[in-house]
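Spelled out, the chains give:
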Amino acid sequence: MSKFNSRRLPSGGHIDRNHPLKFLFNGKELSGYREDTLASALMANGIDILSRSFKYHRPRGIQNRGYADVTSMVQLCGKNESPNVLASIQPLYEGLSARSVNCWPSVNFDIGASLSAFSSVLPSGFYYKTFMWPSWHLFEPVIRRAAGFGRAPAKKPEELYLSRFDHCDILVVGSGPAGLMAALCAARSGARTILVDEMTGPGGSLRYTDAKFDDRPALNWVRQVVSELEDSAHVKCLWNATAWGYQEGNMVCVTEREPQHLDILGRNWKIWAKRVILATGAIERPIVFENNDVPGVMMCSAVMEAINSHAVAPGKKALVFTNNGSAYQVLPYLDNAGIELAGIIDTRTTEQIHRSELIRDRSVEVLTQSFVRKVVANGKRVQSAIVCSRDNQSFDRKIECDLVCVSGGWNPGVHLFSQSRGSLRYEDSIASFLPDQAIQATHCAGAVNGTMDLAGCLAEGAQVSAKALSAIGIQAQVPAVAKLSDSTQTKYHIEPFWSSTTGDRPQKAFVDMAGDVTVFDLRLALREGFGEVEHLKRYTTNGMGLDQGKTANVNAIGIIAHHLNCHPAEVGTTTFRPPYTPVEFGAIAGSQFGEVVLPYRHTPMKNWHKSHGAVMYEAGARWQRPGYYLKAGESMNDAIKRECQAVRNQLAIYDGSPLGKFQIQGTDALRLINLVYTNCFDGLQIGQGRYGVMLNEEGLVFDDGVSFRLDDDQYLLSCSTGGAPAVERKLDKFINVECPELDVLITPVTSQWANATVCGPLARQFLQTADSDIDWSLDALPFMHMQQGNLAGIPVRVFRVSFTGELSFEINVPSRYGLELWEYLMEIGQPWNICPIGSEANHVLRVEKGFLSLAHEVDGTVDPIDLGLGWIVNRKKSDFIGKRAMEIRRQNQPERHELVGLLPQDPKTLIQEGAPIASGRGHTQSEGFVSACVWSGSCDRTIALGLLSNGRARFGETVLAWDCGKSIPVVVSKPVFYDAQGERLRM
Amino acid sequence: MLLIPCPWCGNRAESEFRCAGQAKPPRREFVEKSDEAWLEYLYLSENRRGVLEENWCHEKGCGEWFKLRRHTATHEIVDAENDS
Amino acid sequence: MTYEVSINRCHQQAIFDIRGIRPDLDSSLIESGMTARVEKGKIVLSDELEILQLGPRRILVKTALENEQQVEQDFRAALIDTRRLSVVNVSDLYLGVQLTGPDALEVLAHAVPLDLYEFPPGSGTSSAVFSLTAIVICEAMNRYVLLVERSYLDYVQKRLRVCALTGETAKWQ
Amino acid sequence: MKPQQRYSIFSLIGGAIGNHQDWKQAWRNPEPKTHYDVLIVGGGGHGLASAYYLAKNHGVRNVAVVEKNWIGAGNSGRNTAVVRSNYLRDASIRFFDKSLQLYEGLSQELNYNIMLSQRSEVDVLLTTTSMRNMRRRSLNMNRLGVEFQMLSAAQVRQRIPILAPMEQCRLPILGGSVQERAGIARHDAIVWGYARAADAYGVDIIQNAEVTAIRRGDDGSVSAVETSRGLIGANKIAIATGNENAAMASLVDLRLPLRCFNLQAFVSEPIKPILDVVVNCPDLGVYLSHSDKGELVIGGATDAQQISFRKGGKVYMLEETVAGLLELFPVFRRLKLLRQWGGALEFAQDGSPIVSATPIKGLYISAGWWGGFKAIPAGGLTFAHLIANNDPHPLASAYGMNRFSKLDYLLEGGTTVPTD
Ligand SMILES: Cc1cc2nc3c(=O)[nH]c(=O)nc-3n(C[C@H](O)[C@H](O)[C@H](O)COP(=O)(O)OP(=O)(O)OC[C@H]3O[C@@H](n4cnc5c(N)ncnc54)[C@H](O)[C@@H]3O)c2cc1C
Ligand SMILES: NC(=O)c1ccc[n+]([C@@H]2O[C@H](COP(=O)([O-])OP(=O)(O)OC[C@H]3O[C@@H](n4cnc5c(N)ncnc54)[C@H](O)[C@@H]3O)[C@@H](O)[C@H]2O)c1
Ligand SMILES: Cc1cc2nc3c(=O)[nH]c(=O)nc-3n(C[C@H](O)[C@H](O)[C@H](O)COP(=O)(O)O)c2cc1C
Ligand SMILES: [Zn+2]
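Protein chains in written order, with the numbering used here: chain A, 1 to 987; chain B, 1001 to 1084; chain C, 2001 to 2173; chain D, 3001 to 3420.
Honestly, the hints are just simulated from the structure, not real lab data.
Hints are not guaranteed to be accurate.
To be verified - Pairs of lysine-lysine residues, derived as DSS-like cross-links and limited to a Cα-Cα distance of at most 30 angstroms, are as follows:
id	chain 1	residue 1	chain 2	residue 2
1	A	K79	A	K28
2	C	K2042	A	K236
3	A	K155	C	K2040
To be verified - Derived Cβ-Cβ restraints for the label pairs, each shown as a range:
id	chain 1	residue 1	chain 2	residue 2	range
4	D	T3212	A	P894	40 to 46 angstroms
5	A	K610	C	S2027	47 to 53 angstroms
6	D	G3202	A	A154	50 to 56 angstroms
7	C	A2078	B	H1071	44 to 50 angstroms
8	C	D2074	A	K610	38 to 44 angstroms
9	A	A455	C	P2120	39 to 45 angstroms
10	C	D2074	A	H261	46 to 52 angstroms
11	D	K3406	A	C964	31 to 37 angstroms
Glycine included, C-beta positions come from ideal geometry on N, C-alpha and C.
Hey, can you work out the whole structure from these sequences and the hints?
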């Protein structure tokens, strides 16, 4: 027979022998069966070495079960490329392809392993002590290449992830005996229940043991319970779903991998539960001895799983090494698999060992009070073990074996409990940490609670569930507990034994396999004063690897306690943090990906713009707006120039829809407006508007805009596009919290209105040709006034406001008519050569006029007086937002940066926006900066605006702008370059 | 994510709410006070571990403003009340 | 496999946003005879109107678009005298997107944090839809309507379709 | 004084020969004395660096650093370790660049490899607003002789080849900026290196001692602190407690405009080198670097809504940051989150730190270090100067606490800390 499936047992297991599957490992074609994991299939094929270790590149294989089996990590290749996948949880599928990680050229012959030769100079924290001279940069690339395991995928997957919310009464995490009973009880009691388990199916430990309920395999019972659950409308069961984050608010994040009924890679559930029941079981931990990482050293439960679930014999001759009773359960499994038993090494005394029938009838030798000092490997796999006695350390005995079944005890899966801020306590009788005080609405049942016997787990699951239900006022229907057939269970009875080595010499006795941390490393750290458990973790990296110390941490704490001569409780644990097991980033982001990663907003005219060459800009508050419209053969600058000319000389139109708008109503509407703007709005007629600047309470400019009076107590306040969300929040807080005495109501109406702004010297003439009842004449509709009426049969509001400095009509219509209005204007504007313009042209035009741009001149340090808007600050008003602060600041700072115009001496020079203005030797004395600089068609030269120290007193002076090493002389001027009197916009 | 007890809607997801800082007396009570008192109103707020009373708004929901007492280190909510 | 749901834009409706200082809102509703017709968190049908109290100080009234002017006039007549009430026509502010089909609830659960099992037909509330403010209405079993700010409609609709696995991939054009 | 034991490759080899049995404690674990000339509260980077410079530059060696947990338990032990000096205002540029310069010589100075990796930080810019902000910074920094350059979109892609292709971007990359000297350092090493070097000068590092009260003498000046390990006298007391400064100041009825907000960070599973620079994307609120150990270290935006002292994180902030990460790097979708944590960041009202004497004689405070890992060397240097001379160091003269009552802000972020 070929090596193919050489370790597969002829019968048994839960694998589906009718469905053989082909897969690739390191390029070699192998085969397994459906229901195999990648790990079991590799084991069946006689493959021992899956990867190389982090630091010393030691060969590693399968040691543990499920997510605790950190040494089984591989790179999943092909379409679903994914790094650091644990073979022990990866279901086998047809065509799967995987590679070993952290090795070159191959996992069996790995150059990196030669590092082991230098390992004596690489104890924990060695990098803090060397590589300083001449510079870390010389060494870093080598270290970096050596670090890390798998590779990030080169391509993004095309499939989706989703993320969703849910609510329930009872969330049960873990579907072992305890979790199933808890879920069953909740379901029968009519509670909305969600049951999740990280494995591909239910059952927990019952999936790999051969327990019998009512004389039938436990899995039958599992199936029966689950089908009852799945048939209940108020119950959801999620398999392959890890509860990874126990958040505040009793919310648990659960990531479901590749939900079977949907074509997605994963889905993250954010579940609020009234009560959470943690039935997360326990993880078997190793005992530390020299070479305890060599393939062939496995946890007893992993051996049981291999044999019972996957019909694989992980060795031929086994030695059992334990400090507790649970290990003896492996014996019948070894028998079944035809594995010879080389002996049992138990660290406990004869009296401590419960002589169950499992050993009573055997001829096998049990060496009590003994331990495995080290295993000897033939390079790739265990060959023998050196065993010695606890009272007579010099007594060494070599036992031939190719499999060492280890049990160092069980670590209750307290991760989620601790994440939820629940406290832990060290329990001597199980030599591990247990949940103590819950902070959130959390319950624990089963092995996680320290209940190590199956009957106890079943009973506790139901009891705890009943308790949780009654806490939320649901009458519990407690299901009967199935009868266990002849219990093959042993008494747990653990006696702590953490490590065979003291770590005085640098043996390879690994505490943390994921980070290659040895007992020696822990000892060294202690010696150097890193005795705090958190220092120890950080100095040695113990518990910082891929499995976050699932098996390592308790051992490390035990070892430290032993050497510090204290109780493990005094050492304490490091902090448990999410995620419980690594979660794909894609699942966390869910559908927030690609185009929909951020909200975007469109005006009703979007499609028109796009089909007319508009280059869309993000205009603030997620709005998309045309930046400029490109015509064939044009450059961006050409386009902007053309658009500017249209406004200054003829006729243009732009989409001003995104401008923020609020309808304000109430007897105190005017009072509010007078409080939020620096100037006074008294005396405004209905239909009249006024420009205002809004400060924050710190006295600094926050926003600006025009407000119109619509009716007696009704105003329409407008603000900048990007500022609208902040203005909305500010106003809302102001009237509800800061000035609750105001009798005023605010309705944000930004998207209600679409706006086409017609501007240019021909705007009035043009609009007079439109089909409209509006009187466009100066008398009827002067600057800063509005009119309502109809245009082309559409109800419109026309505002005479100008941000370009040119004659301008803002035509607002309910959004549904936006496109219709726009198209109508474009159509009748055709003979006029009407030109659509974007925000770039607007920018040039406003610079020519010295109008304020929040994005440019306002950097959070300026007040309105700095901006030359002193006329807008009504000092007589007793109060407005920011008044007090502005006054205090001005008292303390007489000299301020003020808005000025700047004319580069060379009229062709463009200065970069943001260039500082400086004087003094080496330009060290800062005097301000250039906030905007554009080519102005109207002035036929470049012009700029800036903030300059004491600027208004310095008109005519030449100052130096500093632009990338060049100093550029610029002449200070008034900040207006076009139509200084403002006649054109008032036309 | 917390579930926050809106006085009008009951428990709703934290993401529907806005926390708007420490609850202080209304602004008008400071307008007439000394510069020092005004500055205190402007930028001093309690910044400690423990229960703080804050202004919260069910911004994406019913729009109500209310006072919430919340622990700044555990994020536990003590109570919420509507004073209108 | 995908979810069984269809996601479509609704016909525009006339919508009025009524806000008031609490006691005023209550009393003017009484005056106008509307109080009997509001119920917290529920859509109440009355003549041509669908009335939804969104908050203690805010009511939304929906009706067919052709009733827009009539209803606006009625409101003015009935409510406007009390000046401490604001009625704003927001018919163009909100657009509806409708989810119908057996999986409507499951798909919607990807967007809103509400407990949708406690949100039977006839319920309505303002909530966070993909973190944006929107009004969620359960019109019937397997039928939900989201009223979202018009400018966000494309975004919300697109993202719902992504969640419904309609095959629409999230690609930026 | 120098550390009793020098670290080098030779000492490591020597150590190996002796099975590494002879390594000394990196710092002592002394019992507190009854009195110190200067007592520093807070064993984070700033407290320890201040102790070191007090001893080294000012000859003040009867110094204690009192730490309530273990040194580095605060933000210095949980930050994303980015060091850079690209700030906007002159005072900040000068201060932070001094800090970066000190970092450049720190491994040698402390004889401790802090693993300063000046791999450059590239800002990936997606909006015209952030382009404008960075351009202004870069122009101003260049004027002061500090390197920080703008990049074209093509140059950004060249430096970060795995960025999302143009056609897949929600917000296309408009350009970027880079500071070549920026990079990362090993966060714990800064703490341990300063601790070891300060200890060698005789500074007492006292862990597990929480300061619960500050006592004052008859003249009002400070005299001692009460701690969980007893009363400790001191002529001068310097507060550097990371995010507890407001609480510490309130022990002597001092109120400061400080607020703490949550910031979270997370790491991916360890992978082989894929990213050679620090990447920062202000528009998506995410930044990351690839550590020497192999994990991607990722940070996001501060959650400036609620005052918070938690060391965890809010899940909606995590989602946002991850979404931002994947928008830049869609290839990371299948990469896995390994660990997520958080910290409370302390902000002063104007976003700039406070390094200041107080109205109470003998009491000094160093606070508001929300991005203050990069500031540890200069923060320590200037704080030590202030404590020793009772006079601000010229580089930190803008950081006095009296600026607030004049509303004379040093605004870095562009705006003040949100007041709501
Ligand atoms: C997630 C995150 C990412 C960050 N990323 C960066 C970054 O990339 N770059 C950067 O420059 N900065 C970053 N920062 C900020 C940086 O971490 C801090 O600014 C810096 O570490 C502050 O150092 P510190 O010494 O002032 O405070 P800490 O390191 O917090 O030290 C304060 C110490 O005082 C102790 N203490 C408190 N109260 C008492 C008491 N009563 N008695 C005794 N001791 C007390 C604490 O236990 C703590 O150890 C980040 C912060 C966080 C949270
Ligand atoms: N004989 C002994 O000494 C001994 C020791 C330990 C355990 N046991 C046995 O183990 C069993 C314990 O039963 P149980 O129900 O408490 O646990 P279990 O181990 O049977 O089941 C726990 C389940 O929870 C899942 N899980 C854990 N964390 C999860 C998470 N974050 N998200 C999703 N799923 C998660 C696990 O994958 C597992 O399927 C009993 O049968 C007991 O006898 C025996
Ligand atoms: C730069 C940096 C890198 C880190 N890398 C890892 C890592 O590889 N593995 C890990 O488990 N934790 C890593 N951490 C996180 C720490 O384990 C720890 O969570 C963090 O310092 C906060 O401490 P706390 O979780 O004990 O509160 C890293 C932290 C930082 C600051
Ligand atoms: Zn509410």
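Against the structure, the hints:
For a cut-off of 30 angstroms, the pair hint linking K79 of chain A to K28 of chain A stands: about 18 angstroms separates their Cα positions. For the given pair, K2042 of chain C sits about 28 angstroms from K236 of chain A by alpha-carbon distance, which is consistent with the 30 angstroms threshold. Taken as a hint, the K155 of chain A and K2040 of chain C pair is broken in the structure, with Cα atoms around 50 angstroms apart against an allowance of 30 angstroms. Distance hint check: the CB atoms of T3212 of chain D and P894 of chain A are about 45 angstroms apart, consistent with the given range 40 to 46 angstroms.
For K610 of chain A and S2027 of chain C, the hinted distance range of 47 to 53 angstroms is satisfied, since their beta carbons lie about 50 angstroms from each other. At about 54 angstroms, the CB distance of G3202 of chain D to A154 of chain A agrees with the hint of 50 to 56 angstroms. Take A2078 of chain C and H1071 of chain B: their Cβ atoms lie about 47 angstroms apart, and the range 44 to 50 angstroms holds. At about 40 angstroms, the beta-carbon gap between D2074 of chain C and K610 of chain A stays in the expected band of 38 to 44 angstroms.
The supplied range of 39 to 45 angstroms is met by A455 of chain A and P2120 of chain C, whose beta-carbon atoms lie about 43 angstroms from each other. Look at D2074 of chain C against H261 of chain A: about 50 angstroms separates their beta carbons, and that is inside 46 to 52 angstroms. Distance hint check for K3406 of chain D and C964 of chain A: the Cβ-Cβ separation is about 35 angstroms, which falls inside the suggested range of 31 to 37 angstroms.
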